[in-house]
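Colleague: So you can see what is in the structure, the chains are spelled out below.
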Amino acid sequence: MKLSDSMAYASADEMIFGSAKKPVTTRRGLVIGGGLVIPEVVPHPRPGSEKDLRTLLREFERATGDILERCVSVGHPSVVVENEHVFQMTDDPSWGMEIAAQTTHQIDDYIEKYGIKAAYRSTVADIRKPDMVDLRNSDRTRKVLEAFDACAKYADIVSIESLGGKEVFDYSIIRNDITGLLFSQAVLGSRDMAWLWPQIVAIARKRGAVPGGDTDCAQANTAMFMAAGYISKDVPHTLAALCRAIAVGRSLVAYECGALGPGKDCGYENPIIKAVTGLPMSMEGKSCACAHSSLCGNVMAAVCDLWSNEAVEYHHMFGGSSPAVFAEILGYDTAAMNSAISLGYEKQYQACLVTSDRYRSLQGFILCPDNAWAIGKAVVDNNESYYSRARAAAITCAELMLADSQVRFTSFEKDALMGFAKELDSLPATEADFIDLCLKKYGKVKGFQPAAYGL
Amino acid sequence: MKDAMSPVPIFTRYDLTIDARRGEAARRISEDPLLQRVADCLVRGDEEGTATMVAEALRSRDPREVIDQSLIPGMKEVGRLWEIGEYFLPQVILSSDAMVAGITLCEERMGRAMEKKAKVVTHTAEGDIHDIGQAIVNALLRASGFDVVNLGADVPVDEVVEACRVHKPVMVTGTALMTTTMTAFPKIAARLKQAGLQIPFVCGGGAVSEDFVTGFELGVWGKEASQAPGMAEDALNGLGWSEMRAKWNG
Amino acid sequence: MTAAPATPPTARGRARLAVAMDLGTSGFRAQVLDLSSGEVISTAVTARHPLPGANVIDHLHFALELGVETAREIILQTVNQLIGLLHTGNGEVVRLAVCGNPTQLSLFQGSEIRDLAFAGPRKLKALGVEPPERAATVRPASEFPGLALPSGCAVIVPPAVRHEVGADALALIVRSGITDREETAIAIDYGTNAEMALLHRGRLFTGSAAAGPALEGQHIVCGSLAMPGTIADLIAEGDLHRLIVLDAAMQPAPGALVDLRKPAESDGAAGVPATKITGTGTIAAMDQGMERGLVVPPRILTGDRRLHFGDGIFLTEADVAEAGKAIGAVRAGYFTLLNEAGANVEDVRTAYLAGASGTYMDAIKARRLGLVPPLVKTVRHIGNTSLALARDLALEPEKLDALDALATKLRETHCLFAATKTFSRVYVLELSRWTEGMPMATYRDLLRQYGLPELPPVSGTPVVVHEAERDIEDHGRMGLATLQRVGLVVGLRLDGCTGCRACLDACPAGALALEGIFEPPTLSLTQALCNGVACRRCEPACPSGVFHLNAFFEATASRAAPIA
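Chains as they are written, first to last, in this note's numbering: chain A, 1018 to 1472; chain B, 14 to 263; chain C, 9 to 572.
These are computed hints drawn from the structure, not numbers from a lab. The model shown is predicted, which means the values in this text are computed figures rather than measured ones. Nothing false has been slipped in among the hints.
In silico DSS-like cross-links for lysine-lysine, where the CA-CA straight-line distance does not exceed 25 Å:
id, chain 1, residue 1, chain 2, residue 2
1, B, Lys181, B, Lys130
2, A, Lys1439, A, Lys1250
3, C, Lys133, B, Lys200
4, A, Lys1130, B, Lys89
5, B, Lys236, C, Lys429
6, A, Lys1068, B, Lys260
7, A, Lys1223, A, Lys1019
8, C, Lys333, B, Lys236
Let's have the full structure, built from the sequences with the hints guiding it.
Modeller: Pasting the structure below:
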């Protein structure tokens, strides 16, 4: 497999929300990345509703119906509904399929009745926990692939948040161990995706669905959440930023295997992926505060094509059910962006979004379009291996943070960053040497099976 | 700066879309002009006209064809018009009556009854003569392709149970306006259960409350007559009374 | 036909009195009359009916479950209390004339009710019930065990037309004077059962539409029967509305100025305070909401989908549907009568509005909603005709003969709405109009398609005549007394009751109370507040399974001692 060697965008200036170099069109005719930002609403069932298929169907039926009804009520022209599978939907692929069938039936009804433009994304749960099963050869692995096949019959887009490398990541993150993080994300994560994704792409093509993408939610987001807000000190924000840069090397693999976008909303590395691939990306920020807090609420919208709420559990609010409420919020967010496009103010609007968060946090800083592009450039310029490109991304990320005088660190953050930079610099030049080193160092991590990664 | 009225769709006035569709002619049902005229009558709710046109069509067309290519798709079109708010309940009832008239003529020609989805037994409670709710349920069920065994109003408990034993319906319904008469429902449910007939028993109408109906086995509360076809579909798909109750009640 | 017995001799010098009583479904009203002058001495009314439930079906259901005798005893106890509130002084009551619908009169007499509870002939046949004739009777008080009147007092009960159309409908016809005129006219008593009579070319047609209790303010979230402190009307003042609230004397009086679109902080300075809204208030609200474009059935187009009348009183979309169905039943009813009589809507020149709702109802608003035919030239509010007829009979018992003759004649042209296709068709049109928002243009097209009379739009302004300014015109020189604590409160100590209050919480009417410090505590039920034996949310709520609603009524029967 050839690793990306060039940038889709000649410069960060070209990048803007709503437009991707390579838009995708779904089976229901929705164009993503074709000049408009579209809301992507993700409802989540209440705990207990998964006890049997009927109650779960009912829960999703309500949620999807509420979303579509609200979009039509307030005039949102287009919407993507996403379901992230609860365990049962993948563990018994017929559940995922029934829900996909029901949801798309509801969507088709609304398309027929009101002419709304809409699509459905089904995100299969990666139920292969690396410390429990062989990633490549287990019942759960087969179920994941079966679930893709079952859901791709109906869904417009299929996606996953794959878990390769998670066992070593969890071990490393609590030790603030940058070598382990690089190994888990860049080497293990990438190798697992390179095994998994060609199969997903083949299934999606066969069924007429768009193979969307993958995110490093399990790892880079874990680091981001642990770093949390200003007051938390469990994981330095500098480390979380480096994890994000490293994640690019990993998440790119899906697209190198044939995924077409839109990438999944929770991939905060997506601005960088978009700079490299030119594919449309879903992103999330302020309007996903229902799912988690972040320090990059506005900047994430700067180059998004879909704008998402990540996940909101079904509840009743004064303004209606939570999925309806979030459909309304996201739609208004996108209407403002689309109005900016319409008025020719899109770069000015983007500047507002970027400025709002550029120096709020390091995560936000490195995801500003210019920095995102620069990290992407490091990735494609160092495409000898998964390892080399991820390491280059991390080093460039550190350099960008240190080079901007307006970036301010606490002494804890700064000390940590200098240490990580030194460690990255001292690592072996080749992937083979790096793998040898890591197998010695992490071979005994609980649940880690090198063979599951072809090592 | 671009023109503010450039065609980027920032919002969609669905109300105007719907408005523009109001009064839209029903969609074309058949390429065959004769069958199209049958469907036109049905969609207009013209029972007499439908019967006349069906009789004329049967001179040159197969009854199966008349049913499958004009009566049933015509009724589907009425359902669509109802759903988009173009048609209202009384019009659906008129068209349903027209469809039944047309199908009856076709059945006479075929010499046998047309294959329907499944049977549903409907009745209005013993002692009650207020059967408007039941009439609506009957029309909507027929419009959705169910074979309605209509027991009428003021039906004794025994007769309802016997009809269920003979017809083996997927669902049975009971309507009552007066609380004095709804007390027959738990008796029917108990007798059905005794006879080993675990048929979902949908009860609704005027004074019939959810609490009352969910207080006995087999009972599923019907909030509105318009729910009947959806419930019958569920029963046809094998949902039991408790599953139907979980879905439609509470 | 029985003639009135000769008036029994009385002690010299004692005034001879008669009591007139209306046994209404929503409450009883009584007046005492001086037979020598014919004048009203005083009036007494109850705040509600003593039996559980809100309508005749609830009352019948109760009597079926607990026995007619139990129901009769409870009613009689309230009748006696009401007589006690009348100022009879040292006069002697020689006559009691009652009026009401067949259900109330049958329960009062303890006679057959099953033909009223079950309309279906097959069920009645299975039960072996032969529907009684319900002709007029005059019997001595001694034949009414427990009635607190001298044994020789004559009790006068007027006849019924058919099972669902009784003396109250006769009252409507007689008291409206509808038969005295040539023109086509309609008289309607707006209640749970809307009785109506149409006169066309010298023939009378009667019917009774099951409108449900919304027109009396029940089954409406913030609704109530007409009583002091309830909103009876709304008057537009610029962008706002003036509430018209019933004062302590049941007279409409100006209340607060409100914005229908939003709840208001209570304005201390503003008029008579309101707590609930009546059926006529609901009608006024629907009309004003529709006039302002705020109510577009089935929707209310305000921010919170409610129409507001100040602080904490509002109308919901469910209320719009509930009231809409009641309005629809009335219109379907008069349409059916018109069709039976071969008359057209525009033929109807005069409308007589009766009953408590008919008294306080703004005829112009009601007409816009469809409760009154659209082209009437005159609307006459005729008040509570039932009490008026009772008064007539108390003063002149010989009028009973004419009533019996009228009832016989009406049986020929009586229309059983539930059995007619016209009623069913128009009712479905109404259902669609109020719950699906079907436009009136489609409504009219469909009437044409059915071959029914045309429904012209409302036009012109009718002359409105208030023959009665209030529900009961003359309270008498000794004034009005209201019986607030109606019916019985029965306390029971149930073995196994833990006092957990689950039954109290489950009761939607707040009819239960928990008292006492002993184990088990005393649970008490205010019978008149109970929603009826069809509700029973209290029973399954009991975690110990010891709560049985009937026990609170059976206790009545065993305990009720005859009152001398």
